[in-house]
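Protein chains: 2
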Amino acid sequence: MIEMEVLSQCAGGGRRGRLQTLHGPVETPAFMPVGTYGSVRGLTPAQLREAGVEMLLANSYHLALRPGAENISKLGGLHSFMGWDGPILTDSGGYQLFSLASSVKIAEEGAVFRSHIDGARFELSPESCVRVQQLLGVDVGMVFDAVSAEPGDRDSAASAAARTLRWACRSKAEFDRSETEAAQASKTAFFAIMQGGLFEDLRRENAAAIVELDFPGYAVGGLSVGEAREETMETAEFSVALLPEAKVRYMMGMGTPTDLVCLSGWGYDLFDCVIPTRNARNGSLFTAAGAISIRNSRYAGDDTAVEESCGCYCCANFSRAYLHHLAKRKEMLGATLASIHNVYFYQSLMGRIRAALESGRYADFRAEFLDRYQGVEQ
Amino acid sequence: MIEMEVLSQCAGGGRRGRLQTLHGPVETPAFMPVGTYGSVRGLTPAQLREAGVEMLLANSYHLALRPGAENISKLGGLHSFMGWDGPILTDSGGYQLFSLASSVKIAEEGAVFRSHIDGARFELSPESCVRVQQLLGVDVGMVFDAVSAEPGDRDSAASAAARTLRWACRSKAEFDRSETEAAQASKTAFFAIMQGGLFEDLRRENAAAIVELDFPGYAVGGLSVGEAREETMETAEFSVALLPEAKVRYMMGMGTPTDLVCLSGWGYDLFDCVIPTRNARNGSLFTAAGAISIRNSRYAGDDTAVEESCGCYCCANFSRAYLHHLAKRKEMLGATLASIHNVYFYQSLMGRIRAALESGRYADFRAEFLDRYQGVEQ
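Quick mapping for you: the protein sequence lines, in order, are chains A and B.
Throughout, my numbering is defined as the position within the first sequence, counted from one, plus 235.
Throughout, my numbering is defined as the position within the second sequence, counted from one, plus 235.
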């Protein structure tokens, strides 16, 4: 259903690869824009394609609450529902429970919570998460994971890692069972999620155990939940080396341009982050020299493109002055054009990352990028 | 600069025509989507083209307040600024002063008011309105007009008509003067606006006087400001017959599908209205059988297109269930896709109107359309 092919391996751990899915290949390292509720804010599938996007992320937790996984299944699955014929990965909801749901009770069996939308009672378990993502018919589902609120607290991190491992076993049993059933159910591959907070020994132990379960891909979870950036990056670097080279390695939820350049150099293959689209809606536009805040009055008369060398629809047709005007007027088109640019910037950056990995001079590329790239992120 | 060609004339007054502009021809009767602030809400120029749009309306009053006509002129004019290479018509601001500005003082010389955005003091006169629209470089500008708050009050209507006529004279003097100057200034053609409230004799007198001034086009103004619909339609019908057949005849601001079918049958050539885009954002989608409210829960599991026979990007790719989901979640893409559909519906309706006018069986078309078209409008 899904297969990782490493095309070239770099010193430092980075690799150029290709992820084969039932909805086509994805050149890696790859960045997935986030379409939480089944749409990337303000962008049509045609605009996403034009911006170079190959694979999207959606959220099975949110979609299960509304419009419901059964409903989407009846409507032909998530690809058909949202009009996207490329690969889709869904997050399982572990992190959303941790951050969004109210009156959530998480026990070994699973979680019981009230919907943050209408207060309705919901249950999530490793098994139901597998079934929901199979109903959505996505290319990649994520196993249900337990998140530690304090990745720097050893007991909390160890306990989240152990539970995530037990839940990974139950998830595997569920999709192994379902694979012998309907053909529909077997279309979704599942990735396991490594936990273990900021502790290398916990991550090592957890990685060994989930690798034993032989998933087609592995994600590093439990980072960027409040710890210092140095801790995030250190953990990210040692964690990826604990995962098998033959499998796809996915860093969940991290994705400033600097993150992408660093993490790709260490061997991560897959990323997702709301930054390009969320920042676009806030008027923050990426350029090779850093992000610019288009609402700044200095752009009111600036007839140049956001980035003159950029090949996106926005930069080919509109000036900073026009985007400034739209942002000040809160015109929807401003958010759309800024999102087109930022998504294109991200896809273009991934293309440069892949080219640098292929050329074998990644360290130079990284140094040049970081030297030039400044400015406010996040 | 602009020329109206009547291709075929129907019984009942309707005609199929072509408006030649410096930015290409417009097949008439034509509907102009509204891009008040220099963007049609949520739609790129590429999406507007794909939906069949030939000509847009923007508002010189709003653009003059922000980002300023001088600024847009420096940036290459409104076409370049908003990335639209088709014809553009701008409204002058008479109606906006009437409905939006605060502490407005309107006298014979012109209007003094506070910007509704930041309270800054502004002045508008017939002459400054001409200059602003010339700075924007639009294909068609409208002369500054005086609006009567009570079109059914004879004194008020007569006085607004008389002032609008005097202002039309001053406008003509201003652009005749400027035509002898810079080439830039002479790119904009101006249409006069007929006033006279609901009174046929006032409209007749006013029409005769503005026709005497020999403008390349004439608009019917001062309608749909609160009077009963029967009064609007009666006035619209007798008014168009008072305008010369060789000139383009524009009904300002009216545009339900029913309006378009009726008014085109009487000989109007040009329309604008916020309805297709505003209603789209509110979840109201047009079909040949009437508007549907996509937020209604009956559409939650409906896997059909908004209109199965529709050729728009939205109907080709998405179901009512998906649009329902996006509308309930208030996702930006929902407003964009609904706007694409409604704008396409309008352009497609105008195409059918033109075909019916060409075929000489407009009365049949009108009867069939009105028989089938139901549902809530506005």
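Please note that a few of the clues may not be correct.
Identical chains blur together in the list; that is why a pair holds if it fits in one copy or across any two.
Simulated crosslink set (SDA-like; lysine to any residue; CA at most 20 angstroms straight-line) [as the list claims (entries may be wrong)]: (1) Lys340 to Glu603; (2) Lys309 to Gly536; (3) Lys563 to Glu305; (4) Lys563 to Ser315; (5) Lys563 to Thr271; (6) Lys407 to Lys565; (7) Lys422 to Glu440; (8) Lys563 to Asp390; (9) Lys482 to Glu472; (10) Lys565 to Ser360; (11) Lys565 to Asn517; (12) Lys422 to Ile341; (13) Lys309 to Ala535; (14) Lys563 to Glu603; (15) Lys565 to Gly461; (16) Lys565 to Arg516; (17) Lys309 to Asn531; (18) Lys563 to Arg301; (19) Lys482 to Pro260.
None of these hints come from the bench; they were simulated from the model.
Hints versus structure:
no. : hint             : verdict
1   : Lys340 to Glu603 : neither (48 angstroms within a copy, 60 angstroms between copies)
2   : Lys309 to Gly536 : between (51 angstroms within a copy, 8 angstroms between copies)
3   : Lys563 to Glu305 : between (41 angstroms within a copy, 18 angstroms between copies)
4   : Lys563 to Ser315 : between (36 angstroms within a copy, 19 angstroms between copies)
5   : Lys563 to Thr271 : between (26 angstroms within a copy, 14 angstroms between copies)
6   : Lys407 to Lys565 : neither (47 angstroms within a copy, 36 angstroms between copies)
7   : Lys422 to Glu440 : neither (30 angstroms within a copy, 74 angstroms between copies)
8   : Lys563 to Asp390 : neither (49 angstroms within a copy, 42 angstroms between copies)
9   : Lys482 to Glu472 : within (17 angstroms within a copy, 73 angstroms between copies)
10  : Lys565 to Ser360 : neither (41 angstroms within a copy, 29 angstroms between copies)
11  : Lys565 to Asn517 : both (10 angstroms within a copy, 17 angstroms between copies)
12  : Lys422 to Ile341 : neither (29 angstroms within a copy, 69 angstroms between copies)
13  : Lys309 to Ala535 : between (49 angstroms within a copy, 11 angstroms between copies)
14  : Lys563 to Glu603 : neither (34 angstroms within a copy, 45 angstroms between copies)
15  : Lys565 to Gly461 : neither (31 angstroms within a copy, 29 angstroms between copies)
16  : Lys565 to Arg516 : both (9 angstroms within a copy, 15 angstroms between copies)
17  : Lys309 to Asn531 : between (47 angstroms within a copy, 19 angstroms between copies)
18  : Lys563 to Arg301 : between (33 angstroms within a copy, 9 angstroms between copies)
19  : Lys482 to Pro260 : within (15 angstroms within a copy, 58 angstroms between copies)
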